[in-house]
Structures are given as structure tokens and as C-alpha cells.
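Novice: With the sequences and hints as input, model every part of the structure.
Line by line, the protein sequences give chains A and B.
For the first sequence, UniProt numbering begins at 1 and goes up steadily by one.
For the second sequence, UniProt numbering begins at 1 and goes up steadily by one.
Take these hints with a grain of salt, some might be off.
Derived EDC-like pairs (lysine to aspartate or glutamate); straight-line CA-CA distance at most 20 Å [claimed, not checked]:
no., chain 1, residue 1, chain 2, residue 2
1, A, Lys223, A, Asp252
2, A, Lys133, B, Asp92
3, A, Lys217, A, Asp137
4, B, Lys133, A, Asp92
5, A, Lys133, B, Asp135
6, B, Lys217, B, Asp92
7, B, Lys133, A, Asp137
To be clear, the hints were calculated from the coordinates, so they are not data collected in a lab.
Keep in mind that this is a model prediction, so the values were computed, not measured.
Residue strings, one per chain:
2 protein chains.
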Amino acid sequence: MPRFALKIEYHGAPFVGWQRQPDLPSVQGAIEAALARLDKREHTISAAGRTDAGVHAMAQVAHCEMPEGWTAFRLSEALNFHLKPNPIAIVDCAEVPSDFHARFSAMERRYLFRILTRRAPATHQAGLVWQVKHDLDVDLMQQGANALIGRHDFTTFRSTICQADSPVKTLDHLQVFQVQTQQGVEVHFDVRARSFLHNQVRSFVGTLERVGAGSWKPEAVSKALSARNRAACGPVSPPQGLYLVGVGYPDDPFA
Amino acid sequence: MPRFALKIEYHGAPFVGWQRQPDLPSVQGAIEAALARLDKREHTISAAGRTDAGVHAMAQVAHCEMPEGWTAFRLSEALNFHLKPNPIAIVDCAEVPSDFHARFSAMERRYLFRILTRRAPATHQAGLVWQVKHDLDVDLMQQGANALIGRHDFTTFRSTICQADSPVKTLDHLQVFQVQTQQGVEVHFDVRARSFLHNQVRSFVGTLERVGAGSWKPEAVSKALSARNRAACGPVSPPQGLYLVGVGYPDDPFA
Numbered sequence: 001m002p003r004f005a006l007k008i009e010y011h012g013a014p015f016v017g018w019q020r021q022p023d024l025p026s027v028q029g030a031i032e033a034a035l036a037r038l039d040k041r042e043h044t045i046s047a048a049g050r051t052d053a054g055v056h057a058m059a060q061v062a063h064c065e066m067p068e069g070w071t072a073f074r075l076s077e078a079l080n081f082h083l084k085p086n087p088i089a090i091v092d093c094a095e096v097p098s099d100f101h102a103r104f105s106a107m108e109r110r111y112l113f114r115i116l117t118r119r120a121p122a123t124h125q126a127g128l129v130w131q132v133k134h135d136l137d138v139d140l141m142q143q144g145a146n147a148l149i150g151r152h153d154f155t156t157f158r159s160t161i162c163q164a165d166s167p168v169k170t171l172d173h174l175q176v177f178q179v180q181t182q183q184g185v186e187v188h189f190d191v192r193a194r195s196f197l198h199n200q201v202r203s204f205v206g207t208l209e210r211v212g213a214g215s216w217k218p219e220a221v222s223k224a225l226s227a228r229n230r231a232a233c234g235p236v237s238p239p240q241g242l243y244l245v246g247v248g249y250p251d252d253p254f255a
Numbered sequence: 001m002p003r004f005a006l007k008i009e010y011h012g013a014p015f016v017g018w019q020r021q022p023d024l025p026s027v028q029g030a031i032e033a034a035l036a037r038l039d040k041r042e043h044t045i046s047a048a049g050r051t052d053a054g055v056h057a058m059a060q061v062a063h064c065e066m067p068e069g070w071t072a073f074r075l076s077e078a079l080n081f082h083l084k085p086n087p088i089a090i091v092d093c094a095e096v097p098s099d100f101h102a103r104f105s106a107m108e109r110r111y112l113f114r115i116l117t118r119r120a121p122a123t124h125q126a127g128l129v130w131q132v133k134h135d136l137d138v139d140l141m142q143q144g145a146n147a148l149i150g151r152h153d154f155t156t157f158r159s160t161i162c163q164a165d166s167p168v169k170t171l172d173h174l175q176v177f178q179v180q181t182q183q184g185v186e187v188h189f190d191v192r193a194r195s196f197l198h199n200q201v202r203s204f205v206g207t208l209e210r211v212g213a214g215s216w217k218p219e220a221v222s223k224a225l226s227a228r229n230r231a232a233c234g235p236v237s238p239p240q241g242l243y244l245v246g247v248g249y250p251d252d253p254f255a
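Specialist: In C-alpha cells, the structure reads:
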């Protein structure tokens, strides 16, 4: 059967996360239900990143199989129709070779994390950022972040329920920068790796926030990493500032 | 009594608009109620722009009077505390001379209008943009917009319930431009004038959208203006793309 890659945007708030759970609203479950409306059988889809409850995506990638006759355009239109009123949108769709696998073919996952720094409560951006009431020093945060780049045992920055076989991962990119918006200064994290451990990005962000606030020295991040001990991690950030923004494949299916 | 200027951000969706109405949720009513929690008397505040139902603000300006002893910082903190859980935030506050009047001292109002152009439904930006499913030609839209700049009788672009004495206003600035966002192409309108008629910006935007979509020629905007007839206007845009983003005063109270 023809295989299609779906590029998916969603607002994480109403969902228990990407992964289907019985009787609970999940992104996977909503898309599988929409697929079943178009092609009456059980659909099971795989995604590049299994985002947690409350985490957003701008460009999650999953794949599905559909009978002959469907085009990518018709499929995305029909899915968007049946996904309403869920805050899930198929923003791109492409037919892919039968050996394309959204999860196993992926060579890179890219995450964005947004912190809004201001005292006044967020209004338009509520639920879309992690708000802290103090300023953050991004130079210090980047100094701390630099210790994390490369191949390391990330036990410290891994949730205790993480199911990965090994805590050793290669972090390719972790850049911290300020963005001036009309609603205040945001601190953004651009984080890239082949794959991530459970809660790894949120553990990085929560720890580096402490550095930016001045309560941790940048060198403490390197020490926490070396400890290879979950107890050495800083606080884990809340989910609502985190976005899966891209997945890299040897051949970009949406190019 | 000391007078304070408030810079106010709000999400327009839950409100009938800025203006207080009996038994209905309004931005003015919410702020007046918060003021009454701090200083037990009836407060009536004036704002630079009386935004309609569903219209947002990033920098509405209003003024209030408080007893001796309040500082701008304490006042904004206390108001933000009592405004919860309304999506209203006091983002700046400054003590001003007793002759400062948020409405009558204002020399310029600046509005932003955001159109998101894409087929897939908006998720993170739902309620924060007007979404259209087709592309828009911003060059044609700017050609149409140019006819509106300057001093004109804007009867065509004025709601029939507008209470202004005269339909003659001077439009200082109307720029239409594309913004590439991570969630698609947006078309933004930067609109500035000393003052506006009721529904004027939304009448401009709805008409210029028809130009961008190709169903009106740019010259038709000039003809519609000359008609001085409400029936000659294009559709009025929905409110959720509109933001009051700034108010100009001879002396910026927040500088």
C-alpha cells in the first residue's frame, strides 16, 4: 500500500502526549481515529518523537499507509477535516518509499524551548511558553550549555522512567539566545541530536534556567553531568515551552 | 490624588470589548474591579482605544487615580494579582502628571492586523490571527492601501453604528507586508492614525484581503473610498487578528 509521511503541528495542552493510551486523549489516537474515518481498518502510526503531555509540535513526523488512489493533498485535507476540533493540523504530506519509517529513518530531532522572562502574566502566550519572573543571563547559560554538547553519559538529565537502553547520547547542538518580542524578552533553546532520552531537553532547560538566574554557576552543569546521577540534575522545566520543530531524514520527504 | 498610566495587554476572546457593559465581561470592568479591591471606591478608567469584542491589545493605555502611598511598581503587581485569571496583564505602569489623559492626550493609535495564510487549521495561533486558506499578493494589497493614506472622508470604511462626529480622518500609515513564521506566511498590516472610526481597520483589512486574493483590483479601493458609501466597502474582517499595539503621547509616560 502507498505510504505517506505526515508533518504534524499540535498544541500539547489537551493531550496526554503523542502516544496512544486507552480512554485518554492523545495526538496519536486522534490521528489514527481520523485515518480510520477515511479507510475503515485499524491504523497504527509511528512518529519521530514521542512528545510528553503538554509538549507542542510544529513539525512532528509520522507515517501511515493508505489504499491506492489517495494523493498526499487529498489525504492532508481529509485528515484536517476529521481532526477538528482537535488542535492538530497536518501541515504537509508526501508520498514516501515503502522503506521510509518516520521513527527509524530519522537522523536528527530538533527541539525549541521558549522561556518568557517578565513579571506580568502572559496573556496571548499563556500555555505556549514557560514564564519566569526574573531576567536570565544567556551568556552564563550558554557557558553551562557548552559542557553538555558532545557524546556523554546523560544519566543526570534523564527521567528515572526513561526506557532507552543506554544513557549515552550525542548532543549535537545546544544554543541559548535571547529573542526580543513585542511581549517581552524570550530566551530560546535550539537543541539538536540524533535522539534524546526521556525528559532530557526539559532537564537541560530547567538546570540552565538556574544558571541564568544566578543560583547555579555555569561550571556546576559540568559537575552535574559528571555525577551521572539523576539527583544532581536541576529542576525539570514544565512542558509548555517545548516544541518539536523538526526531524531530519537522509532524504527530506517534504522537500 | 496621584495619577497612574497603565500599559495593558489582553486577549480579546473572553470579553465583550474594552468598554464596561452591565453584567458582561469587559476589560475595563475587570480592571476597575481590581482597582476597587485595592482602594475601596468606585473607579472609572479611560482608555486610548475602545477595542471591540475579540480584539486584542499589546499596549492599550488607560489611566487611574490612587491614594498617596502607591508606587507604580506596587500598583502593577497588585493589579496583576487581582486580575487573575483574566487574560489581562499590566505590562507597565508609570506615575503621570494630573493633566495626563489616556484618551484625550493621545496623538496616535497604532494597530497591527495579522492574517495567517495556509490551508491547515491554526493550532498554536488559533484565536490570535485571521486565517485565510489562499495566498495573498501583498504588492497588490499595498497598491490598494496607498489610496487610503492621507486625509479622507472614510464613510465607506466606517461601521454604521460609529458615533464619531465626522467621517473625515487622516490615515498616517498603512503598510502591508509578509512575515515568514514557523507556522506559515503571515500578512501583517501596520496601521497608524491620530484616531480611527468604528471598525475602520477591520474594514480596510477585509477589503484589502479581497485585493490580495485577486477578486478586487487595487484601483477598486480608491473607487470604494470615493463612493463615501458604506455599501461600497468590502467584507469586514473578523476581530481576532487585530491588536492595539501602541499609543503615542507628546511625552511617553513609560519612557
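Novice: Evaluate each hint against the coordinates.
Specialist: Status of the hints after comparison with the structure:
Under the criterion of a C-alpha separation no larger than 20 Å, the hint pairing Lys223 (chain A) with Asp252 (chain A) is inconsistent with the structure, at around 38 Å. Distance hint between Lys133 (chain A) and Asp92 (chain B) is fulfilled; the C-alpha atoms sit about 14 Å from each other, no more than 20 Å. The straight-line distance between the Cα atoms of Lys217 (chain A) and Asp137 (chain A) is roughly 11 Å, inside the 20 Å bound, and the hint therefore holds. For a cut-off of 20 Å, the pair hint linking Lys133 (chain B) to Asp92 (chain A) stands: about 14 Å separates their Cα positions.
In summary, the hint linking Lys133 (chain A) to Asp135 (chain B) is not supported, as the alpha carbons are separated by about 39 Å, beyond the 20 Å threshold. For the hint pairing Lys217 (chain B) with Asp92 (chain B), the CA-to-CA distance comes to about 43 Å; that exceeds 20 Å, so the pair is violated. For the hint linking Lys133 (chain B) to Asp137 (chain A), the alpha-carbon distance of about 41 Å lies beyond 20 Å, and the restraint is violated.
Hint compliance for this structure: hints 1, 5, 6 and 7 are not met, and every other hint is.
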